[in-house]
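Given only the sequences and the hints, what does the whole structure look like? Please build it.
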Amino acid sequence: MQYQRVRKIINIEELRKKTVAIVGLGSLGSFPSLLLAKNGVNLNLIDFDRVSIENLSSQIYSGEDIGKYKTKALAGYLKRINREIKIKILTEKLTPSNLKILDSDLIIDCTDNLEARFLIDSYCYKKKMWIHTAALRATGLVYVVNNSLSDLYSGDIKLDSCSEHGILNSTASMVASIASAQAIKVLLNEDYEKDLIRFNIWNSTFDRIKVKSLKKNEVKIIKLCRNNYSVNLSRKLDLDAISKKYNPILRKDNLIIIKPRDNIIINRNGYIIFENTNEGEVRKWLKFL
Amino acid sequence: MVKIFIERQNKKLSIKAKDIGEIIKKFNINREEVIIVRNNELTPRNEKLKDSDEIKFLSVISGG
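Chains as they are written, first to last, in the working numbering: chain C, 1 to 289; chain A, 1 to 64.
Think of the hints as simulated: they come from the structure by calculation, not from any bench.
Ideal Cβ positions, reconstructed from N, Cα and C, are used throughout, including at glycine.
Just so you know, nobody snuck in bad clues.
For the chain A half of the interface with chain C, some residues (derived, Cβ under 8 Å), not all of them:
#1 Ile35
#2 Val37
#3 Glu41
#4 Gly63
#5 Gly64
Pairs of lysine-lysine, DSSO-like flavour, derived with a Cα cap of 30 Å:
#6 Lys194(C) to Lys12(A)
#7 Lys220(C) to Lys25(A)
#8 Lys245(C) to Lys287(C)
#9 Lys12(A) to Lys210(C)
#10 Lys212(C) to Lys25(A)
#11 Lys3(A) to Lys215(C)
#12 Lys3(A) to Lys220(C)
#13 Lys216(C) to Lys18(A)
#14 Lys11(A) to Lys48(A)
#15 Lys216(C) to Lys50(A)
This is the structure:
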């Protein structure tokens with residue numbers, strides 16, 4: 001009876017077998033968690049932060065939650081919404097060494113920084129789809145990443161943050177609605193939205209933007225914040241050969257992490273994240289890979 | 001003439017321009033802050049333009 005109305009539209013039985021990892025439980029992450037929980041989707045909730053008073057206007061939390069970890073506060077709320085679903089709490093910051101916490105049927109990126117987003121990208125590249133979301137003030141963005149996040153950007157990226165420029169809760173909830181609908185489509189193997197969706201809730205504008213993937217062997221280097229670089233070589237790499245030479249600190253099916261000084265995360269399909277370096281060093285490394 | 005929209009400056013107008021780089025220079029657009037959309041498709045930043053192209057310079061957003 002609980003799902004009677006939604007069952008007329010989607011395959012709830014199939015959906016209830018699925019688990020979604022929500023990375024970041026702030027303005028963007030709290031609302032899709034609610035929508036997916038109501039549809040019976042199991043959730044892995046990932047965030048290291050605690051609820052603070054300035055979160056209350058744009059996030060799902062209440063005054064009673066102040067000081068609690070967002071994972072615990074949200075899990076408690078969602079359990080009251082739907083007792084049937086399984087919720088796993090992961091009160092951790094996503095780093096190269098704990099990427100396994102992303103294991104799930106689908107990842108929704110609700111983070112507020114490019115480092116985490118490109119880590120998710122390096123983990124998922126050519127292996128599984130994921131959903132990228134972002135918002136600022138009245139503008140929101142949702143993109144089902146079938147190839148790579150690097151398709152969206154070129155060169156250096158300069159970013160503004162919500163803590164600096166604010167966010168409307170209507171922006172966050174609109175992002176959540178679009179992202180949740182797309183998540184359900186991906187989980188049920190239905191035809192999802194291939195274009196990047198970008199809207200401004202204040203001006204009532206809505207764009208669907210086509211995204212081109214890199215050609216084979218095309219190289220794209222993107223400078224992220226804090227001297228991190230994302231590199232897409234658009235060609236396969238021999239992880240066994242690289243492992244023999246550089247002795248990885250972590251190995252997981254499609255990627256390895258080596259640490260000559262700072263972390264270098266290498267995806268088998270030619271997608272690399274360099275931490276704390278400069279472009280000269282990156283280009284030097286690319287000659288060896 | 002090409003139609004342009006620069007979100008950060010809230011400018012919407014029609015101008016003559018031979019390529020995207022010319023618009024970036026003319027309107028002092030910071031490349032690091034925008035994604036460029038040509039006729040509803042994300043584009044590399046220095047493409048030559050055709051008459052009646054629509055170019056949007058949309059702010060990169062990354063908050064959450």
